Amino acid sequence: MSLGKSDWIWLDGQFIAWDDAKTHVLDHGIHYGTGVFEGIRAYKMQDGNSAIFRLEEHVERMFKSAAIIQMKISYEEKEIKEIIVETVRKNRLTECYIRPLAWFGYGEIGVYVRNPFVNVMVAAWEWGKYLGKEALEEGIRAKISTWIRSNPNAFPSQIKNTGSYLNAVLAAREVRAMGYDEAIMLDHRGFISEGPGENIFIVENDVLLTPPLHASILPGITRDTVITLAQDLGYEVKETDITRGRLYNSDEAFFTGTAAEVTPIREVDDRRIGSGKRGPVTERIQKEYLATVTGEREQHKLWLTYVYI
Numbered sequence: 001m002s003l004g005k006s007d008w009i010w011l012d013g014q015f016i017a018w019d020d021a022k023t024h025v026l027d028h029g030i031h032y033g034t035g036v037f038e039g040i041r042a043y044k045m046q047d048g049n050s051a052i053f054r055l056e057e058h059v060e061r062m063f064k065s066a067a068i069i070q071m072k073i074s075y076e077e078k079e080i081k082e083i084i085v086e087t088v089r090k091n092r093l094t095e096c097y098i099r100p101l102a103w104f105g106y107g108e109i110g111v112y113v114r115n116p117f118v119n120v121m122v123a124a125w126e127w128g129k130y131l132g133k134e135a136l137e138e139g140i141r142a143k144i145s146t147w148i149r150s151n152p153n154a155f156p157s158q159i160k161n162t163g164s165y166l167n168a169v170l171a172a173r174e175v176r177a178m179g180y181d182e183a184i185m186l187d188h189r190g191f192i193s194e195g196p197g198e199n200i201f202i203v204e205n206d207v208l209l210t211p212p213l214h215a216s217i218l219p220g221i222t223r224d225t226v227i228t229l230a231q232d233l234g235y236e237v238k239e240t241d242i243t244r245g246r247l248y249n250s251d252e253a254f255f256t257g258t259a260a261e262v263t264p265i266r267e268v269d270d271r272r273i274g275s276g277k278r279g280p281v282t283e284r285i286q287k288e289y290l291a292t293v294t295g296e297r298e299q300h301k302l303w304l305t306y307v308y309i
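In the working numbering, the protein residues as written are 1 to 309.
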């Protein structure tokens, strides 16, 4: 999906015009992938206001990612949250995608740098459905990639790091070149892990199954949301290793993610999943998720940070 454009980007302490937000070609993060980021969404509420979904959890995860790569962000979590809200507000956005990013900047080069400068930026722009609006109803065709997720001792899968996404890019480009909508990746043991930018769930006899954290998955905030909502609806949810054969034989399957939201998977490796269309459990969870992010569920309004007071 092509990148949208808004008016302002917050960069290292000030708002800069979108086209003027630049960095140096010798920034460490460009050469070595030393950056951490988040993908966050704001939604239009029933009253016309805008609210950012699970802002606190996203910023907390970003700082945990930074801690793992020993990055010291020169702002507190509270300040970054306030900057994110102000970025949406200053760009007069109602529904948008938000990208905070911190990276090792200009000053030193080489794999090891003693005292790297850390740049921080926040951008927000209008962005539609990641895999297409029709995918939310019709489902997508997925293929298991030949590229696998790294062993957790080779790379910490629980961080959202810029460099690690080359793995995801390789998988996505591989299967899309073959005509599929999205990739599914295995972990280093051969079990189902996740998509390039999404977690995955399957449904068996109205029970939801999803790979555990040790399957080299990112601990997704949308994944956590869906687990909570599914349990609210009375479904049992199990975190368990899933073989590809079990995925093929599942009643339903779907992706979750900030960008993907809740996207049904109708086919994997040219094998129809269930009825070959969005299943009833997926549809129910999808509707509950969309109702929650737009403020229709009173019990989960603490997940919303309102932009325009």
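Calculated directly from the structure, the hints in this document are not laboratory data.
Incorrect hints may have been included.
Beta-carbon label-pair distances, calculated as ranges [what the hints assert, rightly or not]:
no., residue 1, residue 2, range
1, A17, L166, 39 to 45 Å
2, N249, K90, 26 to 32 Å
3, K78, L166, 30 to 36 Å
4, Y112, A17, 46 to 52 Å
5, G163, W18, 42 to 48 Å
6, G163, K287, 35 to 41 Å
7, K44, Q70, 21 to 27 Å
Computed cross-link-like contacts, DSS-like style, restricted to lysine-lysine with a CA-CA straight-line distance of at most 30 Å [as the list claims (entries may be wrong)]:
no., residue 1, residue 2
8, K143, K277
9, K44, K143
10, K81, K277
11, K287, K81
12, K90, K78
13, K90, K44
14, K301, K90
15, K238, K64
16, K90, K64
17, K133, K90
18, K5, K301
19, K72, K44
20, K287, K72
21, K301, K44
Here the structure is a predicted model, which means the values were calculated and not measured.
Using N, Cα and C, we set each Cβ at its ideal position, and we do this for glycine too.
How the hints compare with the structure:
no. : hint                    : verdict
1   : A17 / L166: 39 to 45 Å  : violated, 30 Å
2   : N249 / K90: 26 to 32 Å  : violated, 50 Å
3   : K78 / L166: 30 to 36 Å  : holds, 32 Å
4   : Y112 / A17: 46 to 52 Å  : violated, 35 Å
5   : G163 / W18: 42 to 48 Å  : violated, 25 Å
6   : G163 / K287: 35 to 41 Å : holds, 37 Å
7   : K44 / Q70: 21 to 27 Å   : violated, 39 Å
8   : K143 / K277             : holds, 16 Å
9   : K44 / K143              : violated, 33 Å
10  : K81 / K277              : violated, 39 Å
11  : K287 / K81              : holds, 28 Å
12  : K90 / K78               : holds, 18 Å
13  : K90 / K44               : holds, 16 Å
14  : K301 / K90              : holds, 23 Å
15  : K238 / K64              : holds, 25 Å
16  : K90 / K64               : holds, 27 Å
17  : K133 / K90              : holds, 27 Å
18  : K5 / K301               : holds, 29 Å
19  : K72 / K44               : violated, 34 Å
20  : K287 / K72              : violated, 39 Å
21  : K301 / K44              : holds, 13 Å
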